Amino acid sequence: MSVTGTTRQKMPADILAMKGGAPIVCLTAYTTPIAKLVDSHCDLVLVGDSVGMVLHGLPSTLGVTMEMMILHGQAVARGLSNALMVIDMPFGSYEESPAQAFRNASRLMAETGAGAVKLEGGAHMAETIAFLTARGIPVQAHIGLTPQSVNTLGGYKVQGRGDSRARLVKDAKAVADAGAFSVVLEKVPQGLADEITAMVAIPTVGIGAGAGCDGQVLVVDDMLGLFTDFKPKFVKRFGQLGQEAEAAVANYAAEVRDRSFPAAEHSFADEVKK
Numbered sequence: 006m007s008v009t010g011t012t013r014q015k016m017p018a019d020i021l022a023m024k025g026g027a028p029i030v031c032l033t034a035y036t037t038p039i040a041k042l043v044d045s046h047c048d049l050v051l052v053g054d055s056v057g058m059v060l061h062g063l064p065s066t067l068g069v070t071m072e073m074m075i076l077h078g079q080a081v082a083r084g085l086s087n088a089l090m091v092i093d094m095p096f097g098s099y100e101e102s103p104a105q106a107f108r109n110a111s112r113l114m115a116e117t118g119a120g121a122v123k124l125e126g127g128a129h130m131a132e133t134i135a136f137l138t139a140r141g142i143p144v145q146a147h148i149g150l151t152p153q154s155v156n157t158l159g160g161y162k163v164q165g166r167g168d169s170r171a172r173l174v175k176d177a178k179a180v181a182d183a184g185a186f187s188v189v190l191e192k193v194p195q196g197l198a199d200e201i202t203a204m205v206a207i208p209t210v211g212i213g214a215g216a217g218c219d220g221q222v223l224v225v226d227d228m229l230g231l232f233t234d235f236k237p238k239f240v241k242r243f244g245q246l247g248q249e250a251e252a253a254v255a256n257y258a259a260e261v262r263d264r265s266f267p268a269a270e271h272s273f274a275d276e277v278k279k
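Residue numbering for the sequence shown follows our numbering, beginning at 6 and increasing consecutively.
Bear in mind the hints are in silico, worked out from the structure with no lab data behind them.
Computed from a prediction, not measured in an experiment: that's the story for all the values here.
A few of these clues could be false.
[As the list claims (entries may be wrong)] In silico BS3-like pairs for lysine-lysine, Cα to Cα no more than 30 Å straight-line:
| hint | residue 1 | residue 2 |
| --- | --- | --- |
| 1 | LYS241 | LYS41 |
| 2 | LYS41 | LYS24 |
| 3 | LYS175 | LYS24 |
| 4 | LYS238 | LYS41 |
| 5 | LYS41 | LYS236 |
| 6 | LYS162 | LYS41 |
| 7 | LYS238 | LYS24 |
| 8 | LYS178 | LYS162 |
| 9 | LYS175 | LYS278 |
| 10 | LYS278 | LYS178 |
| 11 | LYS162 | LYS175 |
| 12 | LYS162 | LYS236 |
| 13 | LYS24 | LYS162 |
| 14 | LYS241 | LYS24 |
| 15 | LYS162 | LYS278 |
| 16 | LYS178 | LYS238 |
With the hints as extra help, turn the sequences into a complete structure.
This is the structure we're talking about:
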């Protein structure tokens with residue numbers, strides 16, 4: 006934890022206390038420079054398993070490993086002094102049993118300095134959430150569209166419509182009762198997200214779940230316009246850094262080829278003038 010004067014890094018209890026108050030601001034980060042950039046503006050920074058798609062070119066989050074999460078978690082931790090760092094538990098690291106989840110969650114926290122872990126799943130993961138929280142591991146839950154279950158969900162579809170609405174309400178109650186300090190609602194109809202937000206005593210953090218949630222999260226590369234392979238409906242581009250970066254690279258290549266770079270001011274003389 007970084008402490009300067011009376012300022013300290015946020016903890017899960019601070020996020021829990023924001024329920025019903027000022028909206029919680031959350032972005033993902035995977036590197037030290039991005040962590041430094043978002044730290045003062047965010048309440049919570051998520052080292053998401055989305056790193057697999059965003060930085061490693063994987064087709065989904067399923068190929069992300071513990072080693073990848075630890076490496077990126079360590080990098081992000083070096084850039085944070087204000088926001089709570091939450092780290093995703095990768096696919097296959099927690100579903101088998103509460104004991105397996107504890108072994109891997111404790112490793113993630115010990116080796117990265119994360120203040121909490123996030124895992125996907127609703128009522129069927131309540132026992133695991135309770136097991137972890139009873140043993141000192143704060144848990145952020147994640148329900149609705151759970152990307153690690155994309156194969157069983159049949160794709161990246163909106164969740165909570167029709168017959169599945171009651172199941173999602175049950176999931177939200179279950180993770181809150183199990184001790185999660187907050188819950189991510191992904192790709193959930195706005196009316197249902199509002200209902201869940203009013204129903205549970207823990208903050209809801211929406212991504213494609215409307216403005217009524219207690220907070221919002223986006224993948225930082227999506228909102229900055231750095232990741233452009235596809236754009237979900239719930240993403241707003243707050244910048245176009247990818248286009249600007251490509252233009253800069255093109256200008257660099259042109260100047261190298263016409264020998265206008267490096268110019269005299271970028272070069273060193275044979276002798277230093279006295």
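Hint check:
no.	hint	result
1	LYS241 to LYS41	22 Å, holds
2	LYS41 to LYS24	26 Å, holds
3	LYS175 to LYS24	20 Å, holds
4	LYS238 to LYS41	28 Å, holds
5	LYS41 to LYS236	25 Å, holds
6	LYS162 to LYS41	33 Å, violated
7	LYS238 to LYS24	26 Å, holds
8	LYS178 to LYS162	22 Å, holds
9	LYS175 to LYS278	76 Å, violated
10	LYS278 to LYS178	74 Å, violated
11	LYS162 to LYS175	19 Å, holds
12	LYS162 to LYS236	14 Å, holds
13	LYS24 to LYS162	28 Å, holds
14	LYS241 to LYS24	24 Å, holds
15	LYS162 to LYS278	67 Å, violated
16	LYS178 to LYS238	27 Å, holds
Going through the hint list in order, the structure does not satisfy hints 6, 9, 10 and 15.
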